[in-house]
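Student: Each chain, written out:
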Amino acid sequence: MTTLEPFFRVLDLLGVFVFAISGSIAAARKNMDVYGSVILAVVTALGGGMIRDSLLGRTPAGAFVDPLYLLVALAGAVSVFFLYNLLGKLHYPMRYMDAIGLGVFTVTGMIIALDQDVFWFGAVMLGVISGTGGGMIRDVLCQQVPLVLEREIYAVAGILGALLTLVMLRLGLGASLSAAIGALVISSIRILSVQRDWHLPRAVWQKPGSRKI
Amino acid sequence: MTTLEPFFRVLDLLGVFVFAISGSIAAARKNMDVYGSVILAVVTALGGGMIRDSLLGRTPAGAFVDPLYLLVALAGAVSVFFLYNLLGKLHYPMRYMDAIGLGVFTVTGMIIALDQDVFWFGAVMLGVISGTGGGMIRDVLCQQVPLVLEREIYAVAGILGALLTLVMLRLGLGASLSAAIGALVISSIRILSVQRDWHLPRAVWQKPGSRKI
Amino acid sequence: MTTLEPFFRVLDLLGVFVFAISGSIAAARKNMDVYGSVILAVVTALGGGMIRDSLLGRTPAGAFVDPLYLLVALAGAVSVFFLYNLLGKLHYPMRYMDAIGLGVFTVTGMIIALDQDVFWFGAVMLGVISGTGGGMIRDVLCQQVPLVLEREIYAVAGILGALLTLVMLRLGLGASLSAAIGALVISSIRILSVQRDWHLPRAVWQKPGSRKI
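Protein chains in written order, with my numbering: chain A, 2 to 214; chain X, 2 to 214; chain Y, 2 to 214.
Honestly, I wouldn't trust all of these hints.
With a Cα cut of at most 20 Å, we get these calculated EDC-like pairs of lysine to aspartate or glutamate [unchecked claim]:
1. K90(Y) x D198(Y)
2. K31(X) x E151(A)
3. K31(A) x E151(Y)
4. K31(Y) x E153(X)
No lab work stands behind these hints, which were simulated from the structure alone.
Note that the structure is a prediction, hence the values are computed from the model and not measured.
With the rest of the complex left out, here is chain A:
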């Protein structure tokens, strides 16, 4: 693997932390024990980045080379035990944590891909895969329909923020600032869409009276 700039490493670790919390909450809802909860937290937190690194050939994947990744994932899992009452005050604690992770991982994933000479189009796609991959594994292991496939705005937020980040990079805004703004925009759109129940339009087959194929 190539080394990340300190700023992107911190961003990436923030994503690891919040995704670990989201995995831990998902485990709680499925009545898993402490260990199932830690495992699901770690898989959710590190899964997206591992898929990203395998697809890019940035191997051994970062999580195996930089010890902080696993430590931060474990810290996220453990923090749920202490933050349990605080998290319960949020309306959708799992979705909010997932939203922050989505924002951060989409942007860091895209920047790592650009750094490996992937063209912009592919870098946006890799960003979205990084941002949604861990949550997708979490939901599949918990036998839920993945968030990314639901009617709320999810990957759309990632794509919009990734494109915005690209524009800022081209305008010469500096990688760290562009990434921070991009991640903030993605997380905000996603959180707002959960709070306000924003949906995308229905498809042909969902119109009243339409025939199923």
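Place chains X and Y on chain A using the hints.
Tutor: Coordinates of chains X and Y only, in the frame set by chain A:
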């Protein structure tokens, strides 16, 4: 990644197109919105090739390097909106599209593997993984038992066609012709097996009166 | 890929064999036909190692380069037909086979990772991923909650055995002996935990009267 011959790129893109349609139909059946449908189409269309490239170390995976892959996947997803009534005329629209994708991806996957000096045995296996991987991800995300595990003839068709392609290659028939025939044979066997409800024999534990373990 | 020492190759192939049996039994429980059963056996047997090799960049993945892997996986699948009555005498045939595979793959995965200069922490994690990955794919394809997320001791056994193996390696005990003892310890802890119904402590949210988030 290494560059594909133009003919194999076209074949590969055909597979991407039909798998995108199959993903889009699967989404329709699960009442997903436009976006869920596009996401599922893209994941189904590009997933098998991404697994193939990661396993071969042909990285960054082709879909990130060649912009046509994502564009064709999106075109497949969008085309369902226009072809909706036409597809509805087919008895099993999702399975037919999946059958074409299976044929094409099995053959291109095998040829890419041979090109990377994988021995014939492993190349057949990688072909089958490429041909079935995208559909497997689609079915897992939709919480269906994957087609590949059902009683109909599916991966068997892939293996037979891959072996046939290998024989034709050894006989010096030319890579493009062998691939085209191989893909056609796989898709035809699969489509016939769906139409005629061909099954493989039952297993020991399915015989009447057998004991479960 | 790098070549494994003969001893580790034998260990790895043992894991392939028992995981193939576990996949075949899982297929039997889901009433799959002969072919579904062989496919599930092969995926379970080779899946963990493929994930391991992709994450390490040890590509093309071992299973595509060494023909014995697929042959042994097929042998495991076929052996279920002959060992059906014998396996039925075990109380938990699938879990026992899975336990042996867990032990063997965790240790070989860790040693392969150490060999690729992954630090000890990451190597333990990669070992656990190798040991649990195939079973996780098996359970997801069968639409079961993965064993690794259940309340019994599972990945904990892998971590303990991996750490023990590391200590023995540092003490200069020799790679083969350390690996054999480590694998034995993991499989034994896991089998005992299934037989005696050992659990990990309940989590905060599972205490009586606790609130769900």
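Student: Decide if the proposed pair is consistent with the structure: K31(A) and E151(Y), CA atoms, cutoff 20 Å inclusive.
Tutor: Roughly 10 Å separates the two Cα atoms, so the pair holds.
Student: Has the given pair, K90(Y) with D198(Y), been kept, meaning a C-alpha gap of at most 20 Å?
Tutor: holds (19 Å)
Student: Please work out if K31(Y) and E153(X) have their alpha carbons no farther apart than 20 Å.
Tutor: Satisfied, since the Cα-Cα distance of roughly 15 Å is no more than 20 Å.
Student: Is the Cα-Cα distance between K31(X) and E151(A) 20 Å or less?
Tutor: holds (10 Å)
Violated hints are absent here; each numbered hint is respected by the structure.
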